[in-house]
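K.L.:
Sequence order for the protein chains is A and B. Residues in the first sequence are numbered consecutively from 1, following the UniProt record's numbering. Residues in the second sequence are numbered consecutively from 1, following the UniProt record's numbering.
These are calculated hints, taken from the structure and not from any lab test. The beta carbon of each residue, even a glycine, is placed where N, CA and C say it ideally should be. Treat the hints with caution; some may be incorrect.
[What the hints assert, rightly or not] Selected chain A positions facing chain B (in silico; Cβ < 10 Å):
#, residue
1, D5
2, R10
3, A27
4, L181
5, D192
6, H202
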Amino acid sequence: MSSRDVILNRVRRALVGGPDGAPDLDAAVDRSYLVEHGARSVEETVDLLAENLADYRAIVHRTDLDGLAELLARLLAERGARSVVVPPGLPSGWLEGADPVRVHDLEASTAQDLDAVDSVVTGCAVAVAETGTLVLDGSPDQGRRRITLVPDHHICVVRVPDQVVSSVPQALRRLDPARPLTWISGPSATSDIELDRVEGVHGPRTLEVVLVTGSPEGHGC
Amino acid sequence: MSGTFVGMPSFPEAAHDAVRDATLRANLRHATHTIRAKRAKAVAELDDWAELREAGRQIKDHTLRHLDTYLPRLEESVVRAGGTVHWAADADEANRIVTGLVQATGEREVVKVKSMATQEIGLNEALAAEGITAYETDLAELIVQLGDDRPSHILVPAIHRNRGEIRDIFARTMSEWGRPAPEDLTDTPAELAEAARLHLREKFLRAKVGISGANFMVADTGTLVVVESEGNGRMCLTLPETLISVVGIEKLVPSWQDLEVFLQTLPRSSTAERMNPYTSMWTGTTDGDGPQAFHLVLLDNGRTDTLADEVGRQALRCIRCSACLNVCPVYERAGGHAYGSVYPGPIGAILSPQLRGTESEIDASLPYASSLCGACYEVCPVAIDIPEVLVHLRERVVQGGPATRRGKKVTLRPAKGHAAERAAMRAAGLAFAHPGALAFGQRIAARTRRFHPRRLPGPGRAWSDSRAVPEMPAEPFRDWWQRTRGTGTGEKGGAK
Ligand code: SF4
Numbered sequence: 001m002s003s004r005d006v007i008l009n010r011v012r013r014a015l016v017g018g019p020d021g022a023p024d025l026d027a028a029v030d031r032s033y034l035v036e037h038g039a040r041s042v043e044e045t046v047d048l049l050a051e052n053l054a055d056y057r058a059i060v061h062r063t064d065l066d067g068l069a070e071l072l073a074r075l076l077a078e079r080g081a082r083s084v085v086v087p088p089g090l091p092s093g094w095l096e097g098a099d100p101v102r103v104h105d106l107e108a109s110t111a112q113d114l115d116a117v118d119s120v121v122t123g124c125a126v127a128v129a130e131t132g133t134l135v136l137d138g139s140p141d142q143g144r145r146r147i148t149l150v151p152d153h154h155i156c157v158v159r160v161p162d163q164v165v166s167s168v169p170q171a172l173r174r175l176d177p178a179r180p181l182t183w184i185s186g187p188s189a190t191s192d193i194e195l196d197r198v199e200g201v202h203g204p205r206t207l208e209v210v211l212v213t214g215s216p217e218g219h220g221c
Numbered sequence: 001m002s003g004t005f006v007g008m009p010s011f012p013e014a015a016h017d018a019v020r021d022a023t024l025r026a027n028l029r030h031a032t033h034t035i036r037a038k039r040a041k042a043v044a045e046l047d048d049w050a051e052l053r054e055a056g057r058q059i060k061d062h063t064l065r066h067l068d069t070y071l072p073r074l075e076e077s078v079v080r081a082g083g084t085v086h087w088a089a090d091a092d093e094a095n096r097i098v099t100g101l102v103q104a105t106g107e108r109e110v111v112k113v114k115s116m117a118t119q120e121i122g123l124n125e126a127l128a129a130e131g132i133t134a135y136e137t138d139l140a141e142l143i144v145q146l147g148d149d150r151p152s153h154i155l156v157p158a159i160h161r162n163r164g165e166i167r168d169i170f171a172r173t174m175s176e177w178g179r180p181a182p183e184d185l186t187d188t189p190a191e192l193a194e195a196a197r198l199h200l201r202e203k204f205l206r207a208k209v210g211i212s213g214a215n216f217m218v219a220d221t222g223t224l225v226v227v228e229s230e231g232n233g234r235m236c237l238t239l240p241e242t243l244i245s246v247v248g249i250e251k252l253v254p255s256w257q258d259l260e261v262f263l264q265t266l267p268r269s270s271t272a273e274r275m276n277p278y279t280s281m282w283t284g285t286t287d288g289d290g291p292q293a294f295h296l297v298l299l300d301n302g303r304t305d306t307l308a309d310e311v312g313r314q315a316l317r318c319i320r321c322s323a324c325l326n327v328c329p330v331y332e333r334a335g336g337h338a339y340g341s342v343y344p345g346p347i348g349a350i351l352s353p354q355l356r357g358t359e360s361e362i363d364a365s366l367p368y369a370s371s372l373c374g375a376c377y378e379v380c381p382v383a384i385d386i387p388e389v390l391v392h393l394r395e396r397v398v399q400g401g402p403a404t405r406r407g408k409k410v411t412l413r414p415a416k417g418h419a420a421e422r423a424a425m426r427a428a429g430l431a432f433a434h435p436g437a438l439a440f441g442q443r444i445a446a447r448t449r450r451f452h453p454r455r456l457p458g459p460g461r462a463w464s465d466s467r468a469v470p471e472m473p474a475e476p477f478r479d480w481w482q483r484t485r486g487t488g489t490g491e492k493g494g495a496k
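For reference, chain A alone in the conformation it holds in the complex:
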C-alpha cells in the first residue's frame, strides 16, 4: 500500500463514529466577524494606509500623477542610487527624468546581478489600509518576485484610492491565488532578539511608498 493510502486510511479510521456522527461537508462556518473595522470615507482609508505604513517604518510620500516622475527622480537621487531595476511593464513615464542606469530584469539575470543594483521601482496589486500592507502579484508593473527582494531599496507606487482596500478580507477578494503573491508590511524586520522588533534583515531595508492620485486610465485593478 502506498503511503498516500496508508495516511488516508488512517484519517478515515480516525474519523469514524464519534458523537457528531457523519458531519456535513457543506456545513457553513460562522463568519460573523467584520468585513472591515470601522466606517471610513475613501480619504480616511487612504490616510489610515499612510499612517499604518509609517508606523512600521515605511517612508510614505504623496503626489499626483503629474508630479510622479519628478518625485521618483528625486527619491532615487537622494538615495544616491546609481542603478535601478525596472519591471517590464512599468508605465513608461514614471522614470522619465531619473538619472540611475535602468536595469531590466532578464530571464538570465542572476541573483548576484540583482544584488549589484541599488534600487527597484514597482507598482502594486492592492494595498491594505488597516494593516499597512502592500501586495505584489507579479503583474508586469511589478515584475518577478526576486527584483523586489534582492535590492536594498524598494520604491512602491500605489494608485490611490483605486488600489486601496480597508481590510485583509477585501484584499483577498481582489487577488488571484494562481499568481505568486508577496504581502509586504514595512521593511524587513526581526523580533528574534529578545522579542523586540528590529528593522532591516534580508529583504529591502528601506521601503518607500508613493501614494499617487489621479489614474489616467480611470480604473484601478
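Starting from the known structure of chain A, fit chain B with the ligand onto it as the hints suggest.
P.N.:
Here is chain B with the ligand on its own, set in the frame of chain A:
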C-alpha cells in the same frame, strides 16, 4: 516522531535545572512579558476578535473532520499548478523523500526557512548523514544552529539567549560556517541583525535548493502560505531552482477565503503586529518566476493518531502562534528546553505526548507541565482548550486506556509510578467531566489552597521541588482576569 531530544530527562528534572538558571529565567521573563503586553494591544484593536477566533476554530475543526476529502483535493490542486506531491507516514519516510529529492538535484547544500515540521522530523541531521549541509536562515534558528543549541520557543527558538550571548555566539562561530562576524561586533540588535544579513547573503544568492514548511495550505487552490518577518523566507522560496516544502497534514484550510481569518489572527497573536513584514503565497510553479520545481511533502508522523482522539484532536487546530508559551507561568520559569521536544510550552505539553505517545518518561510527564491556570486557552486564537486536553492526557497516563499508535488501536497500560495521580485524577475527573467546569474547579482549588501540600506527591514532587512553578495562586487566574481586565501586567484576554 523522531525529534525527541536524545537522552532527554523528564520534564520535572529538566525544569528543575532550568529554574535554577538565573540568566535563562531573566531572558525568558523579559521576552515573554514584553510580548504579552504588545499582543494584548494588537488584539484589542480588533472589535471582532472573539468572532475571528470562533471562525478560526470552526474552519480548523471542519477541515480536520473532512481531512479525507480535503487532502486529495489539495493534492489535485497542487499537481494541476505544476507541483509534485509526496506522502510521508512518518519522520523517516519524510527524511528519505527529501534527501532523495536533494540528491537528485546534485546539490550538497540547501537553505532552509524556519519550519517546525522539519525540526520535528530531524531533517537537518538526516541530510547531514548523507553529506548535505542545511543552512538555517531564520535569525533565531541561525543563533541556535551556530550555538549548537536546541530551540526553546516556537516563534523565537533562541528566546533563551540575550543579546550579549548572541553576540558571543556570532563572534565565535560564524567563521566556521561561512562569512565571519565583523571584528567590532557589539550586542546592539541592529548590529546583530546586520551581521546575520551579511553572513547569510552569499548563501541565499548561490542556493539551488530551498526547504520550507508552510503556515497554511489551501485545498481548493493548491496555494501554500509562509508568514515571516525577515525576508529569509522570501529568499528561500524565490531564489532557488528547486523548492521542497514539508508540511503537516493539519495545516490545511479548505478555501482561499479562509485565509482572511488566520491572516488577521496569526500576526497579532504571534509577534503582536497588525501584519508581519512578509507573507509569501505560491501555487505550484510560475513560469519564469521562482523555483521551477516544487515538491510538497505531506507529513503524518502521529497526526492521524492524534486525530483519532476525540478530545486530543483539537491540538491539531494549532497555528503555531506561540501566544500560549508567552503567557504560561510554567514556560516562563522552566524554559522551552525542559519540554524535550521541538514543541515547547502548553501546546507542546499536549502535542508531543500525542504525536509521540506517552511511553517515554518525558512524554508521560509532559501533561503535568502545567498549573492548569487556563491562560493558554484564553489567548489561543483557535480556542484550543489546552487544560482540557492536559487533564485528558493525565488520565491516559495514570489510568491507561485506548489510544491509536501508527494507525492501530492499542490499549495503554497505566504508567508505573503514577499511582498517586490515579487517585488524584479520579477526583479531578469530577471537576473536568463537564465543559466549563474548569474555571469552577480552579477556584475551588485556589480557595482550598491551605489544604494543598507544599510538595506534590509522585512525579509532581519533582515539580514542586523546583518551586516557583506550580504553586497554587492566591487568587485564581480567572478571578484575577475578571478583576483586572488588562491592568495587572497589561495583559488582556484574547477572547472577549
Ligand atoms: S495552541 Fe493556540 S496559542 Fe498555542 S501556539 Fe497553538 S494556536 Fe497559538
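K.L.:
Hint by hint, note whether the structure agrees.
P.N.:
Here is what the structure says about each hint:
| no. | hint | result |
| --- | --- | --- |
| 1 | D5 | holds (9 Å) |
| 2 | R10 | holds (4 Å) |
| 3 | A27 | holds (6 Å) |
| 4 | L181 | holds (4 Å) |
| 5 | D192 | holds (4 Å) |
| 6 | H202 | holds (4 Å) |
Hint compliance for this structure: every hint is met.
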